[in-house]
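Chains A and B supply the protein sequences, listed in that same order. Quick note on our numbering: the first sequence kicks off at 1453 and runs consecutively. Quick note on our numbering: the second sequence kicks off at 1453 and runs consecutively.
Among the hints, erroneous ones may be present.
Note that the list lumps identical chains together, so a pair holds whenever it fits in one copy or between two copies.
Unchecked claim - Computed list of lysine-lysine pairs in BS3-like fashion (alpha-carbon distance at most 27 Å, straight line):
1. K1648 to K1747
2. K1481 to K1740
3. K1755 to K1794
4. K1481 to K1678
5. K1573 to K1648
Hints in this document: simulated from the structure, not taken from any laboratory.
Chain by chain, the residues:
Protein chains: 2
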Amino acid sequence: MSFSPTNDLKEIRNLVNQELLNFVAVENKYLNEIASELATVASAMERFLLDSGKRLRPLFAYIGFLGTGSKPSVEILRACAALELIHVCALMHDDVMDASDTRRGAPAIHKAFEALHKDQKLSGSSEQFGISAAILLGDLALVWSDKMLHQSGIDSQSLIRSLPMYDEMRVELMAGQYLDIYEQAFASESVERSLKVARYKSGKYTIERPLHFGAALGGANQSLFKTYSDYGLPLGEAFQLRDDVLGIFGNPDETGKPAGDDLREGKRTVLLAKTMELADAGSKAVIKSALGNPKLTLEDVNKIREIIISCGALAEVENLISSMTSSAQSALEHGEIDPVGKAALTQLLTIVTQRTL
Amino acid sequence: MSFSPTNDLKEIRNLVNQELLNFVAVENKYLNEIASELATVASAMERFLLDSGKRLRPLFAYIGFLGTGSKPSVEILRACAALELIHVCALMHDDVMDASDTRRGAPAIHKAFEALHKDQKLSGSSEQFGISAAILLGDLALVWSDKMLHQSGIDSQSLIRSLPMYDEMRVELMAGQYLDIYEQAFASESVERSLKVARYKSGKYTIERPLHFGAALGGANQSLFKTYSDYGLPLGEAFQLRDDVLGIFGNPDETGKPAGDDLREGKRTVLLAKTMELADAGSKAVIKSALGNPKLTLEDVNKIREIIISCGALAEVENLISSMTSSAQSALEHGEIDPVGKAALTQLLTIVTQRTL
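Looking at chain A on its own, in the form it has when it is part of the complex (with noise of 0.2 Å):
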C-alpha cells in the first residue's frame, strides 16, 4: 500500500479513524463466528469508536514519531492507532465507575446494555448486567489495543522498543484513576493532590506517554524523549485543567455531557480545590453542600459559576493553563525535533489546551 506521509492533523485523524474500522470489522466478524449473541457487543463496540472524538492519543503517538525523523508508514500509523482502544477501555469503565448516563450525547455503554436487557426481557437485574457488559467490552477493547498492535505490522524490533512505554503508559492510567476516585472518597480540597491525579490520569497518558510511544517506535535517542516530556507533561496537565473547566462551564452542546457534570458527580477538580482556597465561607458551605448532589439544577450549577469566577480560582486556572502551555512550547523551541514533527506540536498546543480540533 502507497504511504504519503503528512502532518496534517486532520488527515491523520481520518486515517487512525480508517484503520481503527478495519480493524474492528475484522474483530467482529471473528466474533460473530464463536456465537451469534456476540453480534450485540461487536455493534456496540463499532458504535463507540465511530461517536468519539479527537484521537488525541493515537495523533499524539504519530506526531512523536515523526518528530524522530524516521520514515512512517500505514503500520506505524496503525500501532499508533491502538492507543485508541485503551481510551475506550478507560472511557466505558470510567462510565461505571462515575455512574454517567451518557458519554457523547449517546446512552454509555453500561445504559445501553441495560436498555438491550430490558428490552429482551432477560432475567435478573438490568442494571447488573448493564455493568457487566461494560466492564467486559471495556475488557476486550484493552486486550484489541494490544492485537492491533502486535498485528500492526511493524518490524519486530520497533515493537519490541515500543512495549515499555505503551507498559508504563497503562499501569499510569490505571493508578491516575485510582487516585481519582480515592481523592473524589477522600473529598480533597488540595490543589497540590488534585494536580497530581491530573498528571498520572490524563496528562501523562493522554500526551507525554504516547510522545515517548512515538519516538520508541522511531528509535529516538534519550535527548528527544526528554523533550517530549518537557513539552508532554506541561501540555498534559494544561489539558486536564481544560478538562476541569469544561466540567463545570463547558457548553452541552460540545462536551455531550449536561451543563456542570462535574459537580453532580463530585469530582475533586484543581478548579474546585482553587476555588475552595479562595472563596469566602458562605460560598465554600454552598458549593460544599452542592458536590455530588446528582440533583443539581441549572440554577444551582450557575450560582456555583459565578462563585467560581467571582473568587477569582477561574482567572488563576486559566493563568495555570496559560503559564503551563508557555512552558511546552518553549520546551519545542529548545528541543531537536525533526520540523515535520514540531511543527504538528506547535499545532497541537493550541488544540489541547483549546479543544478546537
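The hints should help you fit chain B onto chain A, whose structure is shown.
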C-alpha cells in the same frame, strides 16, 4: 541464575509463585513511589495473589513448552507465570459481575475496598467505591500480565511468536465471559449453549490456549498445536463441568464459596440444563423458583441436590467428564510430545477433573 528443569507440578507451581511475588514486589514499590495512597492497591494485589490457588494456566503453559522438547529457563517460566495475572483480572471482574461477596473464603476485592471506604469514613457510596476499585485493580492486573510477559527476559523471537496465542486467549476469555452473563440473563436451558459457554469461558482459556502459548514459546510445529487442541478442548470442558458440579455439591471449606453458590447466582451450567431436561415438572418448578435467589438456605440447596441426583443429571455429567477425559488421554497417547511434557500432562488429566492439586 541456575535453573534446573523439572516437570514436577508442585515444584513448578512454587517457582511460578516466586516469580509472581518478585514481579509484584517491584511493581508495588513503583506504585508507592507514584503516591502513598496506592499502598492499599499494592497490598490488595499481593494478598489476592498469595491467597490464590492452583496456577493452572501458568502450569499448562509451562508444560506446553516442555512438550516441545525445548530447553526451559527461568525466563520461560516467568513468561508463563504472567498468565496468572490475566486470571487475577478475570476473577476480580467476575466477582463484581456476579456480585459475589467472597473469593477463596476472603472478602472479594470490591467488598474489601467497600470496607476500606467505610473504615476511613470516606464520602460517597462505599459500594460504588468498592466496585470502582475492583474494576481498576482488575484492569491493572491485565496490564501487569503484559508487562510481566514483556519483561520476562525471553528472546524477542519467542516473545513475538507467543503474542498471537496470548491475544487469542484473552479475546476468547472476554467473549466467553459475555456469553456467560448473557446466557444467565437469557435463562437458557439448552445443554448445547451451556457447553459452548463452558468451552470459551473456561475450557479454551484454561487449558488449550495456555498449552498453545507454551508451544509457541518453544517453537512447536503444527502437529503439536493440534495435539494440544485435541487434549485441551475436551479436558477444558471436563474442567468446567467439574467446576459446575463443585458449584452445587462442593464443600465450602475447599471451594471457598458458600454451599450451592451457583444456584444463588442463577448460573446456567450444563449440570442444570441436564437437570431441566430430565427432571419431572414439579422438580423443574422447584429449581426455576430457586435459581438466582440470593436467600436460598442450605435446606433449599439440599432439596435441589436431591433432584439433580435422582433425575440422573449428576450421573450424566459425571459420564460426560469421564468420556471427555478419555478423549484427552487418547490425544496424548497418539500425539508426538516430548516425554517430559507428556508425563506432566497425564498427571494434569486427573488434577483438573478431580481437583486434587
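Hints, verified against the model:
1. K1648 to K1747: neither (29 Å within a copy, 45 Å between copies)
2. K1481 to K1740: Close neither inside one copy (50 Å) nor across copies (35 Å); limit 27 Å.
3. K1755 to K1794: neither (42 Å within a copy, 73 Å between copies)
4. K1481 to K1678: Classified as between; 24 Å across copies, 42 Å inside a copy.
5. K1573 to K1648: The answer is between: 23 Å across copies meets 27 Å, while 45 Å in one copy does not.
The structure shown violates the earlier hints numbered 1, 2, 3.
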